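Undergrad: Sequence:
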Amino acid sequence: MKKVINNPSDVVEETIEGFLAAYNHSFRKVENVNGITRRNLKDKVGVVIGGGSGHEPLFMGFAGDGLADGVTIGNVFAAPSPNNVQSVAQAVDSGKGVLFVYGNYMGDILNFDMAAELLEMEGIESRTVLVRDDVASAPMERYEDRRGIAGDVFVFKIAGGAAEQGLDLESVAKVTQKASDQTFSIGVALNPGTMPDSGESTFTLADDEIEFGMGIHGEPGVERTKMMTADELTERLMERLLDESKIDSGEEVSVLVNGLGSTTLMELFIVNRKVAQILEDKSITIHDMDVNSYCTTQEMGGLSITLLKLDSELKELYDAPANSPYYKK
1 MKKVINNPSD VVEETIEGFL AAYNHSFRKV ENVNGITRRN LKDKVGVVIG
51 GGSGHEPLFM GFAGDGLADG VTIGNVFAAP SPNNVQSVAQ AVDSGKGVLF
101 VYGNYMGDIL NFDMAAELLE MEGIESRTVL VRDDVASAPM ERYEDRRGIA
151 GDVFVFKIAG GAAEQGLDLE SVAKVTQKAS DQTFSIGVAL NPGTMPDSGE
201 STFTLADDEI EFGMGIHGEP GVERTKMMTA DELTERLMER LLDESKIDSG
251 EEVSVLVNGL GSTTLMELFI VNRKVAQILE DKSITIHDMD VNSYCTTQEM
301 GGLSITLLKL DSELKELYDA PANSPYYKK
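For what it's worth, UniProt numbering labels the leading residue of the sequence shown as 1, then goes sequentially.
Keep in mind the hints are simulated off the structure, nothing from the lab.
Please note that the accuracy of each hint is not assured.
Simulated restraints, written as ranges between beta carbons of each label pair [said to hold, decoys possible]:
hint : residue 1 : residue 2 : range
1    : D208      : V4        : 25 to 33 angstroms
2    : D288      : K246      : 18 to 26 angstroms
3    : G123      : G166      : 20 to 28 angstroms
4    : E219      : P8        : 16 to 24 angstroms
5    : E209      : G107      : 23 to 31 angstroms
6    : G166      : S249      : 31 to 39 angstroms
7    : R273      : D208      : 21 to 29 angstroms
8    : P325      : M114      : 24 to 32 angstroms
9    : S249      : D43       : 37 to 45 angstroms
10   : T225      : M1        : 22 to 30 angstroms
In silico SDA-like pairs for lysine to any residue, Cα to Cα no more than 20 angstroms straight-line [said to hold, decoys possible]:
hint : residue 1 : residue 2
11   : K309      : K329
12   : K3        : T204
13   : K174      : R127
14   : K29       : R39
15   : K2        : N191
16   : K274      : D290
17   : K3        : K29
18   : K246      : T229
19   : K29       : S94
20   : K178      : E313
21   : K96       : D168
22   : K42       : D65
23   : K178      : E252
24   : K309      : L130
25   : K178      : Y318
As the structure is a prediction and not an experimental result, all values here were calculated from the model.
Don't be surprised by glycine CBs; every beta carbon is placed ideally from N, CA and C.
Generate the whole structure from the sequences, applying the supplied hints.
TA: Below, the structure written as structure tokens:
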């Protein structure tokens, strides 16, 4: 697989440099680490997101007004270091504490928790909300083991909106946790992505195969089967999502149909059309639908569907203004 890169060991730093060259008016680099912050930081709870590189525009693309204040960036598919996390948190802290929001992966948990301990020693209070939206990654009785995938986007949105309202740290963490608990995703893989440093594929699939539930780092899914039509594929994904989420008629959702890297908008819109039909047939109210490639895995082919179950509090925060290079409300 061809990639437009220079030295593979420089991809993270050069990605950040290119991002800041484009959006320098809104963001700055945190000194000596791979992290960025907003330039117009406010006197409020700081929201810090992050994780491994390779999923662009996640995570840098979701810093901005009404979203994250800082982003801590690891190597490709690797957690940011504790020092990286700590430095970004220090940079965004206004004295009102910092909320960490990130996907449920062991490396991230270890390093963010270590950073939180270091921050506590400095007198900087922090809280953590883990995103566990991937319903295929573990059964409900093992909810704590579920991974975070494209549902990150909805949880980041709620966290940023709550912090922007001036809520205190405990309140921001509480409503963000509620958003995480009400966010449900499932994906399907069509083709692998490749690692920038080695060129190795993240997994293997035959040309006529797809895999339901595969993770964004190539983690095994729940079923490998033959390729099927868009409508059949969408029906399978939605059946699992609605069963897991217990979302029922009369309830209200926001929807994200997310491309995993190389899947075209044409394909995503065809899937979104079927998602809308299924929800309407079940009398589930669609508050908002978003179709984009926010959480990717290099040139991986495939998609995920995310549902955020809304109540009045989450709906207000979801609708609050937000502005970043890759996400606007």
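Undergrad: Hint numbers the structure violates, sorted upward?
TA: Failing hints, ascending: 17, 18.
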